[in-house]
Amino acid sequence: MNRERIERELTILRDGGQLAELVVNGEPVVLYRNVPTDGERYGLPAVTDVVVPVPSGYAAAAIDLAGLPAGSPLLPRLKGGTNVQRVVSVDGRQWQLVSYHPHNGGGGPPWDQMKHGFHTYFDHLIAWLHRIC
Amino acid sequence: MTESKPEKEHLHIFVNRRRFDEADGVRPEMTGAQIAALVEVPADNAVVKLETEHGLRDIPVTETVHIKNGMHFLVTRKVVEGGYESRTH
Numbered sequence: 001m002n003r004e005r006i007e008r009e010l011t012i013l014r015d016g017g018q019l020a021e022l023v024v025n026g027e028p029v030v031l032y033r034n035v036p037t038d039g040e041r042y043g044l045p046a047v048t049d050v051v052v053p054v055p056s057g058y059a060a061a062a063i064d065l066a067g068l069p070a071g072s073p074l075l076p077r078l079k080g081g082t083n084v085q086r087v088v089s090v091d092g093r094q095w096q097l098v099s100y101h102p103h104n105g106g107g108g109p110p111w112d113q114m115k116h117g118f119h120t121y122f123d124h125l126i127a128w129l130h131r132i133c
Numbered sequence: 001m002t003e004s005k006p007e008k009e010h011l012h013i014f015v016n017r018r019r020f021d022e023a024d025g026v027r028p029e030m031t032g033a034q035i036a037a038l039v040e041v042p043a044d045n046a047v048v049k050l051e052t053e054h055g056l057r058d059i060p061v062t063e064t065v066h067i068k069n070g071m072h073f074l075v076t077r078k079v080v081e082g083g084y085e086s087r088t089h
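Chains as they are written, first to last, in the numbering used here: chain L, 1 to 133; chain Z, 1 to 89.
Because the hints were derived from the structure by calculation, they are not lab data.
The structure displayed is predicted, hence computed values, not measured ones.
Mixed in with the good hints, there may be bad ones.
For lysine-lysine, the following DSS-like pairs were computed, each having C-alpha atoms within a straight-line distance of at most 30 Å [as the list claims (entries may be wrong)]:
#1 Z:78 / L:115
#2 L:115 / Z:68
#3 Z:78 / Z:68
Simulated restraints, written as ranges between beta carbons of each label pair [as the list claims (entries may be wrong)]:
#4 L:109 / Z:55: 42 to 52 Å
#5 L:34 / Z:19: 17 to 27 Å
#6 Z:72 / L:21: 15 to 25 Å
#7 Z:19 / L:1: 24 to 34 Å
#8 Z:40 / L:19: 38 to 48 Å
#9 Z:70 / L:115: 18 to 28 Å
#10 L:17 / Z:63: 21 to 31 Å
#11 Z:68 / L:25: 35 to 45 Å
#12 L:86 / Z:27: 22 to 32 Å
#13 L:91 / Z:58: 32 to 42 Å
#14 Z:27 / L:92: 39 to 49 Å
#15 L:57 / Z:40: 34 to 44 Å
#16 L:8 / Z:69: 23 to 33 Å
#17 L:42 / Z:51: 17 to 27 Å
For glycine and all other residues, C-beta sits at the position ideal for the given N, C-alpha and C.
Here chain L stands alone, though its shape is the one from the complex:
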């Protein structure tokens, strides 16, 4: 894991007002806080926290998956949300990772480690959270 690189990427988001942090006690993840969703119009949360695992071998390996707090009412309404993966424990909470692969058929461009990172992955999280079914 390239910690310095990830911190640089998250600083870009923090400078724009987005809370995001690298959490390494346990499986390393990036925790994005208060990410906007399109849920309000459906009576669902307007914001949510999201975790994304740091892949082994990052940044050669593509970022993949996304997780919401276990039991989030958003999960069954999101693309890939019913295809559950593993559960991770982060920040004192349980998180359900689900099948969302923006760089591998999920609607985003192929992974390019020279320009993509946890700062650009935020684009895909917002897109995901704004396609509520």
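Since the structure of chain L is already known, use the hints to place chain Z on it.
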């Protein structure tokens, strides 16, 4: 004694919480498509929203926006796919 002049603030906006300025292509007037291009979303796949104090306002890709420093936009995609699912949404 020299008087320091306030530095002119460079035109910049935020798209998906990332800062973009003139070197990235920010201009005083931009279409929704040009804003989406900053985060590499093609116009035909882009949904552009301006964050205001009253909530989000949709910006059609053909609409021209008069850019003010520090405006915040969200750009999402029309096409979002999940992995294999046992049911269709």
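Against the structure, the hints come out as follows:
1. Z:78 / L:115: holds (22 Å)
2. L:115 / Z:68: Distance of about 27 Å is within 30 Å: holds.
3. Z:78 / Z:68: holds (26 Å)
4. L:109 / Z:55: 42 to 52 Å: violated (29 Å)
5. L:34 / Z:19: 17 to 27 Å: holds (19 Å)
6. Z:72 / L:21: 15 to 25 Å: holds (21 Å)
7. Z:19 / L:1: 24 to 34 Å: holds (26 Å)
8. Z:40 / L:19: 38 to 48 Å: This hint is violated: roughly 24 Å between Cβ atoms.
9. Z:70 / L:115: 18 to 28 Å: holds (25 Å)
10. L:17 / Z:63: 21 to 31 Å: Given a distance of about 24 Å, which is inside 21 to 31 Å, the answer is holds.
11. Z:68 / L:25: 35 to 45 Å: Hint holds: Cβ distance 42 Å, inside 35 to 45 Å.
12. L:86 / Z:27: 22 to 32 Å: violated (45 Å)
13. L:91 / Z:58: 32 to 42 Å: holds (34 Å)
14. Z:27 / L:92: 39 to 49 Å: holds (45 Å)
15. L:57 / Z:40: 34 to 44 Å: Because 24 Å falls outside the window, the suggested range is violated.
16. L:8 / Z:69: 23 to 33 Å: The hint (23 to 33 Å, Cβ to Cβ) holds, given that residue 8 of chain L and residue 69 of chain Z are roughly 24 Å apart.
17. L:42 / Z:51: 17 to 27 Å: holds (20 Å)
In the structure shown, a violation is registered for the earlier hints numbered 4, 8, 12 and 15, in ascending order.
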